[in-house]
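Undergrad: Place chain B on chain R using the hints.
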Amino acid sequence: MTTAPAVASARGTLAVRIENLCRYYRMGETVIRAVDGVSVEIRAGEFVALLGSSGSGKSSVLNLIAGLDRPTSGNVVVQDRDLAKLSREELAKYRLHVVGMVFQSFNLIASMTLAENVELPLRFAEVDRSQRANLAREALERVGLRARMNHRPSELSGGEQQRAALARALINRPQLLLADEPTGNLDSHTGTEIMDMVREFNRDLGMTVVMVTHERALAERYAQRMIFLADGKLIDDRTNNDRANHERPNVPSAVDRLE
Amino acid sequence: MKIPDLTELALRNLRESVLRNSLTTVGISVGVASLVAMLSLGTGLQQLLSQRLAKSGLFDTVFVSSRRDLRGMGREEERKGPTPGESRILDEPARQEMERLPNVSEAYPDIRFATELRYEDEPHLTMISALPPSAKTNDAFDGMQGNFFSSDTGAEVILQKSFAEELLGKTPPLGAPEPGVAELARPLLGKELVMRYAQRQAAPSTQPPLRSSAADDGVDGAAYSVVSREQKLRIVGVSDLDPETMRGPTRAKVFLPLGLAESLHIMQPTDLREISRAATDQPVYSSVSVRVKNPAQVQVVEDAIKKMGFNTFSILDASNSLRQVFRVLYAFLGIFGSLALTVASIGIVNTLVMAILERRREIGIMKAIGASDGDIKKLFFAEAGAMGILGGIVGVVLGWAIGQIINFGTNIWLKSQSLPPEHFWLVPLWLVVFSIVFAFLVSLVSGLYPAARAARLDPVQALRYE
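These protein sequence lines map, in sequence, to chains R and B.
Start counting the first sequence at 1; every next residue gets the next number (this note's numbering).
Start counting the second sequence at 260; every next residue gets the next number (this note's numbering).
Note that these hints are calculated values from the structure, not bench results.
Yeah, the Cβ is synthetic: ideal placement off N, Cα and C, and Gly gets one too.
Careful: at least some of the hints might be erroneous.
Taking lysine-lysine pairs in the BS3-like style, the calculated list, with each CA pair at most 30 angstroms apart, reads [claimed, not checked]: (1) R:K85 - B:K636; (2) R:K93 - B:K395; (3) B:K429 - R:K85.
Selected chain B positions facing chain R (in silico; Cβ < 8 angstroms) [unchecked claim]: (4) M260; (5) D264; (6) A269; (7) K429; (8) L616; (9) R619; (10) E621; (11) I624; (12) A627; (13) I628; (14) V719.
Extracted from the complex, chain B is given alone in its bound form:
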């Protein structure tokens, strides 16, 4: 029989005992719905978490430091690699080289220094850190008042909340409730600060370098001078973030745009260590953050940077075990979701076996007028498959609806806790297609036995049966 004929006959047969077949189909729908609900919860949670992690910049960042840096002593690769004195300097060419590596979205130096800021002629000593433009998407600045830097070189500054409190003289006593960010930001936004800093200047080199062994890094050994300078900065934002919980560059109370910070040639603590050999205009960095386009490629990038001769550090291991956790979670959700579908597939077997008993005579007639075993088998398969597809479609819609309702309910709760709404329930297209195909396949498998049994039916017996 041709497929359109089969489909037509199958649908007709399903309509004939509409109650029984709809109940069976509802069974499949519930099975599929539970599968969809479970897996979409898993997908949604994973997406939510990986978005969070990507935004936090923890999992897609490789922290690079020079092997000359003795702070990380005792690490495995340092003991194996070249001695600190021989290894490469973390300078601008090295940074550019890292940025050119495949899968790297940016590589920016971590600039940090302590200095004095004057606000309304009152000096305040604090730690300042530079932020790349990409930090704008970092969720550390989600709760910020005001705006992010208008440009990478703008003479602007973002304050951390506790520094804002300090400027306003509103530091609350320990244990007292903190003033809100908005309240702190209002008097400060748009105001000016004066930053005093030490600028590093290359000394005019009138004589050739004394050292002749400069071939290793190409940096001229010379001296530089330090000049005291001032820079006016406009307050554009006050951030809510807690510096103690954040990593590298955000562990500061005042933030500058990276471009501005670089152009100022601010003297940094590490410069003192490099004094013996680096004294050109070329900046030397204590550490560089390399952001990878996709957390999955962190390992590759890390290896490439290690080959360049630097120390690296990333939270790759943590993200690996997180993926493992999700794989297990997925398997669990999938198994629980499939359980209902398994029960539903038994329903299909039951319905079809009943249908054979009921339609014994009909099967006999069909065989007597020329239906082959294959025709009968295909007809029962088509009925099972049609129930599977129908159940699958209804189930996906049902599963999606359940997800929406739970999502909605949770968001109401989140709102009541004054937390931002989350979309942790996600039904991706692959899950829709997969669920319907899976339901179809499960029902075909369920149809195997009834179909074979119907095909084997002896027509003489079937026609005698009243």
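The shape of chain R in the complex, shown without the other chains:
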């Protein structure tokens, strides 16, 4: 069934290698370069924030890492798997076992209870029914929602829904947690709560976290490393330790101009 989580010993090895990644969309006659030649290496156990304004290509990069989309050119290599070379079937397996995802709009299935939502990936992984129930209960316990496991998402607050989504992302013990604006629909207090949980997964379970956000403050507070994107290009890549030494640009495009 599920692979063991990336343990502390694996920390520091290469988790994700992105080489000259391009993703172009064709819109009628014009070609939109959503991702345009990005190269980045992410080490196992890192907490990386992808920053940029809307349309900067940060979500596109995340989708490419998640294997939801295929690059126009370039490579995404996750733990020696070149995603471009995987079949559709293999990509689905990769999403199932290696990646956990959380989204801005939670993306829980409305017709299912929390427990059913959380155990859904296990159904795709063909895990036995009895084992599934236990794992789902455990995961919900971890995010403090055990008591609400038989509720439907609509009966819960946004924060609770996002916690359930985190439990679902966690259930297959992925090495890579990909979060797309996880606090975008939450107030700052609940947002902090969710981010604390993500940090906990990163520290305690050794998960590599890649988070897309446009909130710089959030990134500075939680991420060890910040990658700035603008117009599909990487414009800055810095670790949080040396952020004091840098002049803070108001918008990423300003950084672009400086370079």
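TA: Chain B in isolation, oriented as in the chain R frame:
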């Protein structure tokens, strides 16, 4: 995904938009019901008719006559076969040989003779025919008063209605209403008749046969004498059947049990023709009726008997063309029944395509958390299949109910016309299984396109879609 999980998810999804999916399922049910109704009508009618035909004895009987019999002159096989003088005699060993053929249920001689019957000292001349015990199940005796012969050798007799009228002196003038059988039977049942008949006796053969060429049939050429005898008979039944419409042995007005008739060695017209060579105790028959177990085997039996050297006749051709008619009827009923199911299958496609649009995001989520194209495809197949099976089951019940109602209504009408009730609507097990499997397959085929479309859905697009 495993099958129990698929089924569970599919049923859950069906429940989510219960109205739309039930309407689609009702569509399938109506389609299946019409198919079941049509085909069960066809099956029932065919069964009814073939039962009738089997009972009438027309379609499972081969009529055998000797080629020495010149009555059927000019028939193809006679011109090809051996000349009448050389061919076999239709005697008791030949009858037994026919009875031993595979698929033959019985072979009995057709015994018919004209003689005088005395009732209350009044003589009446009539045609008498012998009936085998199997004639009891023949529907020619459905409307009979009294009973069939108690045994095959009982000294009993069944009268045809018009002969009963004659005995009672109640023959109505032409055009006047006929008296009822029950009315005729009441004074006659249990009464006695005396039959005068000519018995054939082998003459004591004191000298060897003059002919030496008897090797062909093994029958000694000799003479026999004819003795006049009387036999008392008890009337056990009066039959309603119209002798003019019936075949061979029933074209008579008085019937004897076959066993009794044989034991009496009654002189028959054909005996005169055989006089030159047959004069033993071994009876020689003018014709023999061979009943086949299954109408489908008539041809085989007929061929076997022809090989033995006899003329045969059956109504096989008629039954063949009847089968053809039923095949065409079946195809027509099937096509009309399937039409509604075709319309229903379009309903499935429509419902599932709508479901994809509605559940675009859900499909995207499933893909994002690790569902493969195959998982999504299977899920939509399972939904289509579940609607198909549910619709099939409901449809079979519905079709059966429609059949019952029509059957019921028709029987009320039949009763009002004082006709016996008929069960012409039949839902055999194969039709039940076939309909449900067919509905399942049709819905799977309908699910092909929606499932493929759902599986192809781009998760990035689907998740962006609000």
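Undergrad: Next step is simple, just say for each hint if it's right about the structure.
TA: Results for each hint:
1. R:K85 - B:K636: Distance of about 23 angstroms is within 30 angstroms: holds.
2. R:K93 - B:K395: Violated, because 75 angstroms separates the two Cα atoms, which is more than 30 angstroms.
3. B:K429 - R:K85: Distance of about 104 angstroms is beyond 30 angstroms: violated.
4. M260: holds, 6 angstroms
5. D264: holds, 5 angstroms
6. A269: At about 12 angstroms, which exceeds the 8 angstroms cut-off, the nearest Cβ of chain R leaves the hint on A269 of chain B violated.
7. K429: violated, 84 angstroms
8. L616: Violated: closest Cβ of chain R sits about 16 angstroms from L616 of chain B, beyond 8 angstroms.
9. R619: Cβ of R619 of chain B sits 12 angstroms from chain R, so the hint is violated.
10. E621: E621 of chain B check passes; min Cβ-Cβ to chain R is 6 angstroms, inside 8 angstroms.
11. I624: holds, 5 angstroms
12. A627: Holds, because the Cβ-Cβ distance from A627 of chain B to chain R comes to roughly 5 angstroms (cut-off 8 angstroms).
13. I628: holds, 5 angstroms
14. V719: Cβ of V719 of chain B sits 5 angstroms from chain R, so the hint holds.
Taken one by one, the earlier hints fail for this structure at numbers 2, 3, 6, 7, 8 and 9, listed in ascending order.
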